Structure formats: C-alpha cells, structure tokens
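Chain residues, written in single-letter form:
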Amino acid sequence: MGALKELYKDLRSVLAAPLRRKAFSPWVINMVKRLVALSSHAFPWRATYLMTLKALDQVAKAYLHQRPVVWHNVFFPTEILYGLKVIPFAPEAASALAVGLGLASEAFKMGSAHWVATDICSFHRLATGLDLAGYFPAPDAIVCTSHLCDIAPQSLAWSSARYSKPFYLLDVPQGSNPENASYVARQLKNIFYSLARDLGLSPDMEALRVAMERSNEARRLLLEIKAIRRQKPAVIRGEEAHGFLYLMLTSWGADFTKEVYQELLEELETRRRERKWAVPREKFRLLWLHLRPYYPTEIFKILEEEGGAIVVFEEMHHVYWEELDVDRPFYSLALKVLGHQGLGLMERRVRTILDMVQEFNAQGVIHFAHWGCRQSTAGIRLLQDALRQENKAFLNLDGDCVDQEKYARGSVRTRLEAFLELLAADRILP
Amino acid sequence: MKAEQGTKKEEYLLGWFCSYTPLEIIRALGFKPYRILPPLGKAPRADGFFAGNLCPYVKACLENALEGRLPGLLGVFMVPSCNAMIHLSNLWRELNLPGPIWVVNVPRGYDSLAVDYFSRQLEEVAGQMASFYGRRLREEDLWQAIEEEKQRKECLKKFLEERAAGKIFLEGVQALQLLEEGIHGQGISLNPGEKVAVPGDKIRLLLVGSILPSSLLEMIEQAGAISSLEDACNGWRLLPGEAPQTNSPYTYLAHLYLSKPPCPRMVADKGRRRKYLRDLLSRYRIDGAIYHVMKFCDAGIMDWILVKEELEIKGIPVLRVEGDYTGGNRGQWSTRVEAFLERLRR
Amino acid sequence: MVITAGLDLGSLSTKAAIVAEGQLLSFSILPTGRGGLEVAEKALEEALNRANVKRKDLKGIVATGYGRVSVPFASRRVTEITCHARGAWHLFPEVATVIDIGGQDSKVIRVGPGGRVLDFEMNEKCAAGTGRFLEVMARALEVELGEMGELALKARRAAPISSTCTVFAESEVVSLLAEGRPLEEILKGIHYAVAERVAAMAQRLGWEKPVLMSGGVAKNAGVVRGLEEKLGTKLYIPPEPQILGALGAALLAAEEN
Chain F
114 MGALKELYKD
124 LRSVLAAPLR
134 RKAFSPWVIN
144 MVKRLVALSS
154 HAFPWRATYL
164 MTLKALDQVA
174 KAYLHQRPVV
184 WHNVFFPTEI
194 LYGLKVIPFA
204 PEAASALAVG
214 LGLASEAFKM
224 GSAHWVATDI
234 CSFHRLATGL
244 DLAGYFPAPD
254 AIVCTSHLCD
264 IAPQSLAWSS
274 ARYSKPFYLL
284 DVPQGSNPEN
294 ASYVARQLKN
304 IFYSLARDLG
314 LSPDMEALRV
324 AMERSNEARR
334 LLLEIKAIRR
344 QKPAVIRGEE
354 AHGFLYLMLT
364 SWGADFTKEV
374 YQELLEELET
384 RRRERKWAVP
394 REKFRLLWLH
404 LRPYYPTEIF
414 KILEEEGGAI
424 VVFEEMHHVY
434 WEELDVDRPF
444 YSLALKVLGH
454 QGLGLMERRV
464 RTILDMVQEF
474 NAQGVIHFAH
484 WGCRQSTAGI
494 RLLQDALRQE
504 NKAFLNLDGD
514 CVDQEKYARG
524 SVRTRLEAFL
534 ELLAADRILP
Chain P
3 MKAEQGTKKE
13 EYLLGWFCSY
23 TPLEIIRALG
33 FKPYRILPPL
43 GKAPRADGFF
53 AGNLCPYVKA
63 CLENALEGRL
73 PGLLGVFMVP
83 SCNAMIHLSN
93 LWRELNLPGP
103 IWVVNVPRGY
113 DSLAVDYFSR
123 QLEEVAGQMA
133 SFYGRRLREE
143 DLWQAIEEEK
153 QRKECLKKFL
163 EERAAGKIFL
173 EGVQALQLLE
183 EGIHGQGISL
193 NPGEKVAVPG
203 DKIRLLLVGS
213 ILPSSLLEMI
223 EQAGAISSLE
233 DACNGWRLLP
243 GEAPQTNSPY
253 TYLAHLYLSK
263 PPCPRMVADK
273 GRRRKYLRDL
283 LSRYRIDGAI
293 YHVMKFCDAG
303 IMDWILVKEE
313 LEIKGIPVLR
323 VEGDYTGGNR
333 GQWSTRVEAF
343 LERLRR
Chain H
4 MVITAGLDLG
14 SLSTKAAIVA
24 EGQLLSFSIL
34 PTGRGGLEVA
44 EKALEEALNR
54 ANVKRKDLKG
64 IVATGYGRVS
74 VPFASRRVTE
84 ITCHARGAWH
94 LFPEVATVID
104 IGGQDSKVIR
114 VGPGGRVLDF
124 EMNEKCAAGT
134 GRFLEVMARA
144 LEVELGEMGE
154 LALKARRAAP
164 ISSTCTVFAE
174 SEVVSLLAEG
184 RPLEEILKGI
194 HYAVAERVAA
204 MAQRLGWEKP
214 VLMSGGVAKN
224 AGVVRGLEEK
234 LGTKLYIPPE
244 PQILGALGAA
254 LLAAEEN
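Top to bottom, those sequences are chains F, P and H.
Numbered according to my numbering, the first sequence spans residues 114 to 543.
Numbered according to my numbering, the second sequence spans residues 3 to 348.
Numbered according to my numbering, the third sequence spans residues 4 to 260.
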C-alpha cells in the first residue's frame with residue numbers, strides 16, 4: 114500500500130499545475146500514463162494495474178476530445194455508448210478518483226458557492242463542484258437513467274443546460290415486465306439514434322453488436338470470478354476487489370473489460386493454487402453493500418487485517434442480468450436495466466442478498482450507508498429484519514464515500530470493533 | 003367565497019399522494035379520491051423505520067398511517083416518483099397498511115413514446131382495479147368522469163388565475179384550502195360582490211416547492227405581503243394540462259396529466275419547466291419569490307437552482323427556506339421572511 | 004480469588020470498577036477533562052483504594068470507551084457495546100435490550116444469552132437524544148440539571164417541541180416561555196423529546212423487553228418516564244447506572260482467566 118501512496122503523491126505533483134490551470138495537454142497526460150506504467154509494483158494485483166492503465170487511457174481520450182464525449186450515470190447501459198464508439202465519461206466515477214488526487218475540498222467549496230445543498234449524495238455534490246471548477250472534459254451530450262438514483266438525472270440535466278448540450282433521460286419504470294421492457298427498449302433505440310444524429314456519427318448496428326458481445330464475454334468472466342471468490346478461504350481481500358467496481362459501473366461494452374477480468378481470473382486461480390490466502394487466518398466472511406470511502410480509512414484494516422473478517426463479495430458486483438441477446442440489442446439491454454435487484458419491490462433486493470449470504474458462506478453483512486444515498490439506505494430496515502431472521506449479523510455503517518470531513522475515526526472504529534466482537538461471541542456461544 | 007357542500011352519501015375512499023394521480027379513473031370506478039396530506043408534526047414512529055435523512059412528508063405519511071389516523075381506505079394510489087415514495091410503498095406493504103397499493107409508473111417526460119406508455123399503464127391499472135373491486139368500468143363512464151373533472155378543474159384554474167392576476171384578494175391559506183376542497187369534488191362559487199382586488203401596494207409573492215405548509219403562508223400574510231401564486235404539489239401543480247381529441251380516454255388522460263404544470267420530477271425535459279415558469283412570470287406581476295425546499299428532497303434541491311436562475315433572469319429576488327414538515331420552523335423562517343420583505347419594499 | 008478491573012474512558016467521565024468473583028467491590032467516577040492516561044490511572048487508584056486492593060493483585064484490566072486506546076497497561080480493549088451488554092446481563096440475566104444515554108451519546112444494544120451482543124445502534128453525532136440536549140435546555144431555562152427531571156414529572160401535559168435539532172429546539176423553547184407556557188410543561192416536552200429520539204433508535208434496531216437503562220441520564224426521572232411511555236414497558240435501572248460499562252469490562256477481564 115505504501116507504494117500506491119507514493120504513486121498518488123507523484124501523480125498529484127505532476128498534475129498540480131495543470132489541474133490549477135485546467136490545462137491537460139497531451140504531454141501531461143503522457144507523463145501520467147508513464148508514471149502509472151512504471152509503477153506496476155505499486156499494485157498488489159496485476160489486474161488492478163491493467164485496469165488503471167486502461168481507465169487512464171480512456172480518461173485521457175476524453176480530455177483530448179479525440180472523439181465525442183458523452184457523460185453518463187453509473188447505471189446507464191454503456192454498451193450503447195461503446196456501440197457508438199463515443200468516449201463515455203462518468204462524473205460519479207471521476208468523483209471517486211478526484212478524492213485521491215486531493216481535489217475534493219476545492220470542489221465542495223465550489224458546489225456550496227453555487228447552492229448545491231449538502232443534503233444530497235456527496236458523489237454528485239463533488240461531481241458538480243468538480244465540473245463547476247472546470248475539471249471535467251466538456252460533454253457533447255449527456256445520457257442518464259432515472260432508476261435507483263434520484264439526484265443523478267437532476268444533476269446531469271443541470272449540467273446539460275450549462276453546456277447547452279442535449280440531455281437524454283432513460284425513463285425506467287419500476288418492475289420488470291414485457292410492457293416496461295418495451296418502453297425502455299424503445300427509449301434506448303431513440304437514444305442510440307439521437308446521439309448518432311447529434312454527434313454526427315453513423316449508427317452502426319454492427320459496432321453495437323460487437324459491444325454487446327464484449328459485454329457478454331466480460332459477464333461470463335465475471336461469473337467465473339464470482340465462483341472462485343465463493344471458495345474458502347478467500348484469496349482476494351475486499352478492499353482490493355472493490356476497485357474493480359469501476360468496470361462494473363462504467364465499462365460494459367468496452368474491449369478492455371474482459372481483458373482485465375481475464376487477468377484477474379488467472380491471478381485468482383494462481384494464488385488459489387499456490388495457497389496465497391488473502392489473510393493468514395480467515396475468521397469471518399462478510400458481504401459488503403454499497404461503496405466505500407475513497408479517501409484513506411482504517412475500515413478494511415480493522416476488519417480484514419486486525420479482525421480476520423474478509424469481505425468476500427460486494428453486492429455491487431452482483432450480475433443481475435441474463436446474457437444479452439445480440440439480435441435484440443435494445444430489448445435485452447432494457448431487460449438488463451430492469452433486472453437490477455434494487456429496482457422495484459424491496460423483496461427482490463432482500464432475496465438477492467440472502468442468496469449471496471448463502472452462496473458465499475457469509476456470517477455477516479455490512480452496509481455502508483453513504484450520506485445522501487436514499488435508494489440504498491431508505492429501505493434498510495426491511496433488509497435488517499430479514500437478515501435477523503436468518504441469524505446473520507448486520508452492521509449499518511454510516512459514512513461518506515468522498516467527504517473526508519465526515520469521517521469520524523473513533524466512532525467508526527468502535528462500531529467495527531463491536532461488530533467483530535459480536536461475530537466472535539457467536540462462535541464461542543451456541 | 004365558499005366551497006359548495008358535496009352531497010352526503012356512502013363514500014368509498016381511495017387514497018392518493020401525487021399530483022400526477024389520475025383522479026378521473028378513481029371517480030369513474032365509483033370511488034372518492036382522498037388526498038393523503040397528514041398534519042404537520044414529528045414522526046417518531048416512522049423514524050423507527052426510516053433512516054434520518056429522508057423526505058419528512060413521506061415520513062409524516064407513514065406516521066399518520068401507523069397511528070391509524072387515515073379514514074377507512076379501500077386502497078391507495080402510489081406514483082414511484084422518487085426513492086422516498088418507493089420505499090414508502092415498500093414499507094406500506096410490509097406493515098400491512100391500508101391497501102391494496104396501486105402503482106402507476108408516470109413517465110418523466112412528455113413525448114409520444116411517453117404518452118403511449120402512460121396510456122397503456124392507465125388502462126391496465128384501471129382494468130385491474132375494476133376487476134379487483136368488482137366494478138364495471140366502461141369507456142363512457144370514464145369519459146363522463148373526465149368531463150366532470152375537467153369542468154371542476156377549469157373552474158379552479160380560472161379562480162387561481164384571477165387571483166394571480168390580482169383580481170381576487172384571498173389569503174393564501176384559504177386559497178389552498180379551497181383548492182384542496184375543489185380537487186376533492188366540492189365546487190367553488192364566487193360571489194361577484196366578494197371579488198375584491200388585491201391592493202396595489204401589497205407585495206405579491208410566488209411560492210414554489212413541494213407541499214407548502216400553511217404556517218409559511220400565514221407568516222407571509224402577517225408580514226403584510228400575499229402569496230399570489232403557488233407552484234406546489236398542493237397548488238398549481240394540481241391544475242390540468244391540455245389534451246387533444248382522442249378516441250381513447252386513456253390516451254386523453256395521458257396527455258392531460260403529462261402536459262400539466264410540470265413539477266421537478268419531470269426531469270427528461272427541464273426546458274419545459276423553465277418555459278412554464280417564464281410564462282407565469284411574464285403573465286403575472288410577481289414582486290418576489292420564496293422557494294420552500296423540503297429537506298432531503300433531491301428533486302427540490304436541484305430545482306431550486308433552476309428556479310433561482312429563471313428568476314434572476316427576470317430580476318426577481320428569491321428567498322430559500324427549508325421545510326421539515328413539522329411546523330417547528332417558525333423561528334427560522336420569520337426573520338428571513340421579514341428581512342426579505344423589507345428588502346422588497348425598498 | 005480472581006480480582007479484576009474495568010476502565011470506561013468516556014468523553015465526559017472516566018469510570019473504574021473493581022470486581023471479585025462476580026461481585027462489585029468498588030467503583031469510581033471522575034470527570035475526564037483532558038483525559039488520557041493520567042485520569043485513567045487516577046480513577047483506577049481511587050477504586051482500588053476504596054476496595055482495599057493493590058494494583059498488583061489485579062489479574063486483568065479491560066479498558067473500554069472512547070479513550071480505551073490510551074491505556075497501555077490494559078490487558079485487553081473491548082468496545083463499550085460489548086461491555087455494557089455483559090454488565091447488563093450480570094445484573095439482570097433476562098435482559099433483552101440495553102438503552103444507554105450518556106452525556107454526549109446514546110446507544111441501544113440487543114442482548115442475547117450469556118450477555119452477548121446481538122445487534123446495536125449508536126448515536127454520537129446528534130445531541131438530541133443525549134444528555135447534551137438536557138444540558139443545553141437547563142442552561143436556556145436556568146434550571147438545575149439535577150432538578151429538571153423531577154420538575155418535568157410535575158406537569159400533566161408536555162409542551163410539544165417540534166424541532167428535531169437541538170439548536171433550533173433551544174430557540175423554540177425560549178419562544179414557548181415567552182408565550183407563557185408553564186415551565187414544567189416545557190420541561191416535560193424537553194424530556195419527551197429526548198425519550199422520543201432514543202425510542203426511535205430503539206425501534207429502528209427492533210428492541211425487545213425486558214429493557215435495562217444505563218448511563219448518567221438514567222438518573223433523570225423525566226426521561227425514564229418518557230421512555231417508559233414511548234416504549235410501553237417498564238425500564239430496569241441499576242443502582243449505579245453510570246458504571247455499567249466499567250462493570251462489564253471488569254467481568255470480561257475475569258472471563259479471560
């Protein structure tokens with residue numbers, strides 16, 4: 114981890130001036146890429162290193178505006194965007210990255226000055242602030258879904274007004290049925306063709322097909338990764354696995370997604386063979402719901418290193434859709450969107466998590482209640498009750514993924530330690 | 003100025019929350035729509051189910067229901083516009099509160115695809131309800147309900163427009179009360195003698211935001227100004243839009259509701275909302291505006307920014323206040339409102 | 004005879020308890036002030052003196068509470084959650100829920116057989132629902148903190164306090180006074196407000212009876228009554244509600260042996 118910190122430090126110093134001037138020349142971008150490329154040793158997993166390089170490449174393209182840039186929220190089916198060969202840019206993901214680069218403080222202040230209330234999800238508050246401060250590559254169009262996150266469409270609609278660029282909302286109803294799928298599919302088709310028209314591109318159905326095939330390949334690999342992670346003891350720590358959520362939220366349809374997953378799968382298999390376990394002694398297995406802080410915290414140190422409680426899987430890595438039918442691209446993507454376990458009746462999400470707990474042999478579940486995320490936290494009581502009935506330990510950890518000022522070290526430590534004590538007592542007593 | 007008394011008869015009540023609820027369908031089925039607008043106050047029982055940072059109106063709705071203060075409802079209509087409502091419906095179901103729950107997905111934009119989808123949704127839910135309650139719902143029943151609702155709402159619209167134009171001097175609270183009663187079926191009669199114009203020197207305010215609490219309107223009036231126009235879920239957002247002639251009553255309703263005064267949830271096309279506001283601002287004299295942002299309302303929080311922009315373009319000062327549906331904000335609000343009005347007077 | 008000690012280093016007060024063969028020998032409570040090792044040592048010394056026990060006779064010391072990390076001589080550090088559950092079970096084996104309201108925080112703990120923790124919820128961020136709320140109001144109303152509870156009980160009705168935040172509640176309370184609302188009714192309203200917040204936390208956790216209440220605020224009859232009414236159950240209050248954590252810690256120290 115020390116080497117990774119060093120890398121971030123180096124990155125910050127290289128980027129300091131350009132960030133201040135908001136000038137990202139090809140030279141700067143190449144410097145950054147080289148820095149990362151030379152730091153392969155800083156990454157405990159080659160797959161993470163590979164993913165970072167690929168992500169950087171993509172972000173660089175966006176800043177250099179090599180092709181039209183389309184902003185999207187993390188729930189949008191990016192196969193559409195890769196099918197159009199535009200450069201997708203996810204402000205929410207960029208927020209997470211910006212924390213590591215030390216930009217959060219300035220961006221939050223910018224947001225406040227523009228009346229962005231602190232009641233909303235900090236990812237979006239940060240993204241808006243970063244945009245207002247001029248850190249984001251200008252969009253040529255913006256797409257967003259309405260499901261799960263209420264603030265994303267509102268915030269992105271405002272961005273589109275400021276840039277005077279087209280905004281396309283994918284209106285997602287609650288409930289997966291043919292009627293709804295048809296509605297969503299028709300919208301996706303409209304978006305595909307409208308974007309092509311707006312951006313002066315030719316809508317290439319073959320390219321869309323390729324993107325969908327890539328998505329399917331990546332999906333198959335992810336399922337294999339999931340299968341390996343089910344085995345005891347764990348080979349990868351939750352903190353490390355978490356980073357791959359970047360792909361889950363931004364890269365379906367990209368060519369590098371399957372490359373990274375393939376690399377990860379191979380590494381997992383190798384470490385399994387060589388008995389290189391995640392921690393010397395795995396005492397407990399946990400599921401993690403939602404995201405985690407992107408600034409340094411002791412959370413995983415306390416759980417995984419001190420407590421031997423490994424986060425063996427993340428809810429966000431759940432593959433909630435069937436293989437896409439490349440002959441019916443819009444309809445199958447619609448089914449994908451509607452298939453998210455968080456959409457519709459709470460029973461769906463509860464069922465998914467209970468199954469996951471079984472599958473992964475988990476003793477407990479931790480939900481990181483990110484400030485402002487109502488889609489995940491509002492209904493948590495129902496999940497808590499369901500887990501209690503199954504005698505599974507549950508911890509609702511209040512926190513903020515990107516606002517470091519909200520991090521209360523002492524209280525987080527107490528909660529995690531109390532949770533570990535709770536898990537341990539379960540072992541000793543019947 | 004009074005609301006006419008409705009005829010007394012056995013009333014089958016169906017609860018509703020959102021201004022996009024098609025009341026015509028409820029009426030055509032022989033039910034009386036009952037708007038769930040709980041009294042202001044804390045929600046200690048609801049707090050036991052919902053995390054702290056969630057819409058206080060939704061919490062109050064849950065509280066009200068848990069306390070058993072809802073009249074006998076034969077069902078509720080819910081529009082899953084936001085996470086707060088979605089999770090309310092989840093809990094409502096789990097806790098066996100008055101049901102069944104009829105969910106209608108209302109599109110977030112107004113285009114032909116949305117109209118097509120919405121009309122199908124409406125037809126489907128109407129059919130399901132008819133079947134569940136053992137009622138017949140013929141198209142002519144629905145057309146009749148549509149016609150009656152249209153007349154009722156036209157009457158309300160005219161009244162509100164005249165009020166906004168300064169031709170009728172009426173307290174904001176009274177106006178909202180009349181609007182609520184009007185929506186619930188009681189007609190409004192306007193005695194020509196009662197039509198008093200608003201004194202020219204009175205400051206006329208536009209109020210925006212979610213469910214406006216009467217305490218805020220009272221406060222404004224005590225300070226000597228008046229609320230002229232309320233862009234709120236208990237205000238102008240209840241007014242109808244315009245629908246073209248169609249064969250299907252469901253298509254008609256889809257147009258009617260999707261074209262009505264847009265609320266912040268209609269995020270597919272914020273341009274429409276901007277246009278709607280600009281229109282209001284150019285038609286009526288507005289000296290200042292107060293935006294009541296419901297705490298933790300994601301749509302409201304961002305809509306504030308949009309509304310502020312539009313008002314600034316017209317050079318109209320605006321005050322932002324936060325609401326928590328408890329009525330306990332008087333202290334916080336009164337100083338701000340008074341200071342704001344002083345500024346407007348200068 | 005196995006003698007152990009428990010140290011509960013809270014942000015406001017530091018408590019020490021000496022236990023021998025499951026019996027509480029003595030305890031001490033000191034204001035934490037700047038805190039740290041010094042206060043912990045002092046509290047321990049005081050309790051040892053009262054028990055007539057020497058430091059070297061102790062078979063183990065468990066440190067708990069916010070400041071537990073600053074006690075290097077502790078044989079173990081355990082969170083106050085686990086310690087409170089253990090202490091409660093010792094005093095009241097049928098206990099199913101512990102509600103602890105301290106000067107700056109509050110917690111609800113579900114307790115299972117053997118005093119083990121089944122689930123818990125804590126609030127250290129919001130002053131409403133902690134002793135702090137009472138303190139702020141006592142100052143605003145110029146009433147002695149120790150007398151508030153009894154005064155509140157005198158009122159038949161509670162003046163409703165609708166603000167959820169301590170800061171705004173304070174100005175609301177001042178307005179109520181100005182309106183001529185009787186002091187006792189306002190006090191009752193204040194105590195009910197605290198009880199309401201804590202009851203909501205308990206509801207969210209899914210509490211079960213019987214319930215034991217601990218922490219300094221357990222000595223306030225007004226809050227106790229309010230909580231009993233909101234929850235609809237009688238609360239069991241130990242004779243020394245503030246030292247429950249230290250007691251539990253000392254008992255846990257004995258278990259190691």
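For the record, the hints were derived by calculation from the structure and aren't laboratory data.
Hints are supplied without guarantee of correctness; some may be wrong.
Simulated pairs of lysine-lysine, DSS-like, Cα-Cα distance not exceeding 25 Å [stated by the list, open to error]:
#	chain 1	residue 1	chain 2	residue 2
1	P	Lys-159	P	Lys-277
2	F	Lys-278	P	Lys-204
3	H	Lys-222	H	Lys-237
4	H	Lys-222	H	Lys-233
5	P	Lys-155	P	Lys-34
6	P	Lys-277	F	Lys-278
7	H	Lys-233	H	Lys-157
8	F	Lys-222	H	Lys-128
9	F	Lys-222	P	Lys-152
10	F	Lys-122	F	Lys-167
11	F	Lys-122	F	Lys-146
12	P	Lys-310	F	Lys-278
13	F	Lys-519	H	Lys-128
14	P	Lys-204	P	Lys-152
15	F	Lys-519	F	Lys-122
16	F	Lys-122	F	Lys-222
17	H	Lys-45	H	Lys-62
18	F	Lys-198	F	Lys-278
19	H	Lys-212	F	Lys-505
20	H	Lys-128	F	Lys-414
21	F	Lys-167	F	Lys-198
22	P	Lys-159	P	Lys-169
23	F	Lys-135	F	Lys-146
24	H	Lys-222	H	Lys-128
According to the in silico footprint, chain F covers these stretches of chain P (three or more CB under 8 Å from chain F) [to be verified]:
#	region
25	101-114
26	296-310
To give an idea of the chain F side of the interface with chain P (calculated C-beta under 10 Å), a few residues [as the list claims (entries may be wrong)]:
#	residue
27	Ala-230
28	Cys-257
29	Leu-261
30	Leu-269
31	Val-285
32	Gly-288
33	Tyr-306
34	Gln-375
35	Gly-452
36	Gln-454
37	Trp-484
None of these values were measured; they are calculated from a predicted model.
We put the CB at the ideal spot given by N, CA and C, even for glycine.
For each hint, the structure was consulted:
1. Under the criterion of a C-alpha separation no larger than 25 Å, the hint pairing Lys-159 of chain P with Lys-277 of chain P is consistent with the structure, at around 19 Å.
2. For the given pair, Lys-278 of chain F sits about 41 Å from Lys-204 of chain P by alpha-carbon distance, which is inconsistent with the 25 Å threshold.
3. Of the supplied pair hints, the one linking Lys-222 of chain H and Lys-237 of chain H holds, its CA atoms being roughly 15 Å apart against a limit of 25 Å.
4. At roughly 18 Å between alpha-carbon atoms, Lys-222 of chain H and Lys-233 of chain H fall within 25 Å of each other, so this suggested pair holds.
5. For the hint linking Lys-155 of chain P to Lys-34 of chain P, the alpha-carbon distance of about 16 Å falls within 25 Å, and the restraint holds.
6. Simply put, Lys-277 of chain P and Lys-278 of chain F have alpha-carbon atoms about 17 Å apart, close enough for the 25 Å limit, and the pair holds.
7. Annotation: proposed proximity of Lys-233 of chain H to Lys-157 of chain H holds, straight-line Cα distance about 18 Å (limit 25 Å).
8. For the hint pairing Lys-222 of chain F with Lys-128 of chain H, the CA-to-CA distance comes to about 23 Å; that is within 25 Å, so the pair holds.
9. The suggested pairing of Lys-222 of chain F with Lys-152 of chain P is violated, with an alpha-carbon distance near 49 Å, which exceeds 25 Å.
10. Note on Lys-122 of chain F and Lys-167 of chain F: the hinted pairing holds, with a Cα-Cα distance of about 20 Å set against a maximum of 25 Å.
11. Restraint check for Lys-122 of chain F and Lys-146 of chain F: satisfied, since their Cα atoms lie roughly 14 Å apart, inside the 25 Å limit.
12. Note on Lys-310 of chain P and Lys-278 of chain F: the hinted pairing holds, with a Cα-Cα distance of about 21 Å set against a maximum of 25 Å.
13. With a C-alpha separation of about 10 Å, the suggested pair Lys-519 of chain F and Lys-128 of chain H falls inside the 25 Å cut-off, and the hint holds.
14. For a cut-off of 25 Å, the pair hint linking Lys-204 of chain P to Lys-152 of chain P is broken: about 33 Å separates their Cα positions.
15. Distance check on the hinted pair: Lys-519 of chain F and Lys-122 of chain F sit about 23 Å apart at the alpha-carbon level, within 25 Å; holds.
16. Distance hint between Lys-122 of chain F and Lys-222 of chain F is fulfilled; the C-alpha atoms sit about 23 Å from each other, no more than 25 Å.
17. The straight-line distance between the Cα atoms of Lys-45 of chain H and Lys-62 of chain H is roughly 19 Å, inside the 25 Å bound, and the hint therefore holds.
18. Under the criterion of a C-alpha separation no larger than 25 Å, the hint pairing Lys-198 of chain F with Lys-278 of chain F is consistent with the structure, at around 18 Å.
19. For the given pair, Lys-212 of chain H sits about 21 Å from Lys-505 of chain F by alpha-carbon distance, which is consistent with the 25 Å threshold.
20. Distance restraint check for Lys-128 of chain H and Lys-414 of chain F: the Cα-Cα separation of roughly 24 Å lies within the 25 Å cut-off, and the hinted pair is therefore satisfied.
21. Taking the CA atoms of Lys-167 of chain F and Lys-198 of chain F, the gap is about 16 Å. The hint holds against a cut of 25 Å.
22. Only pairs whose Cα atoms come within 25 Å are accepted, and Lys-159 of chain P paired with Lys-169 of chain P is accepted, the gap being roughly 14 Å.
23. Annotation: proposed proximity of Lys-135 of chain F to Lys-146 of chain F holds, straight-line Cα distance about 18 Å (limit 25 Å).
24. Our distance criterion of 25 Å between C-alpha atoms is met by Lys-222 of chain H and Lys-128 of chain H, whose separation comes to about 22 Å.
25. Residues of the region 101-114 of chain P lying with their CB closer than 8 Å to a CB of chain F number 5, which satisfies the three-residue condition for coverage.
26. Proximity of the region 296-310 of chain P to chain F, defined as three or more residues with a beta carbon under 8 Å from a beta carbon of that chain, is established by the 11 residues found.
27. With 10 Å as the threshold, the beta carbon of Ala-230 of chain F comes within range of chain P, its nearest partner Cβ sitting at about 5 Å, so the hint holds.
28. Taken as an interface hint, Cys-257 of chain F checks out: its beta carbon lies about 8 Å from the nearest beta carbon of chain P, inside 10 Å.
29. For Leu-261 of chain F, the shortest C-beta to C-beta distance to chain P is roughly 8 Å, which falls under 10 Å, so the interface hint holds.
30. A distance limit of 10 Å between C-beta atoms decides the matter here; for Leu-269 of chain F the minimum to chain P is near 9 Å, and the interface restraint holds.
31. Interface hint at Val-285 of chain F: satisfied, since its Cβ lies 9 Å from the closest Cβ of chain P, which is below the 10 Å cut-off.
32. The criterion of a C-beta within 10 Å of any C-beta in chain P is met by Gly-288 of chain F, whose closest approach is roughly 8 Å, and the hint holds.
33. Proximity of Tyr-306 of chain F to chain P is violated relative to the hint, the smallest CB-CB distance being about 13 Å (cut-off 10 Å).
34. Because the beta carbon of Gln-375 of chain F sits about 36 Å from the nearest beta carbon in chain P, more than 10 Å, this interface hint is broken.
35. Because the smallest distance between the Cβ of Gly-452 of chain F and any Cβ of chain P comes to about 16 Å, over 10 Å, the interface hint for this residue is violated.
36. Taken as an interface hint, Gln-454 of chain F does not check out: its beta carbon lies about 13 Å from the nearest beta carbon of chain P, beyond 10 Å.
37. The beta carbon of Trp-484 of chain F is positioned within 10 Å of a beta carbon in chain P (closest approach about 7 Å), and the interface hint is therefore held.
The structure is inconsistent with the numbered hints 2, 9, 14, 33, 34, 35, 36, although it conforms to all the rest.
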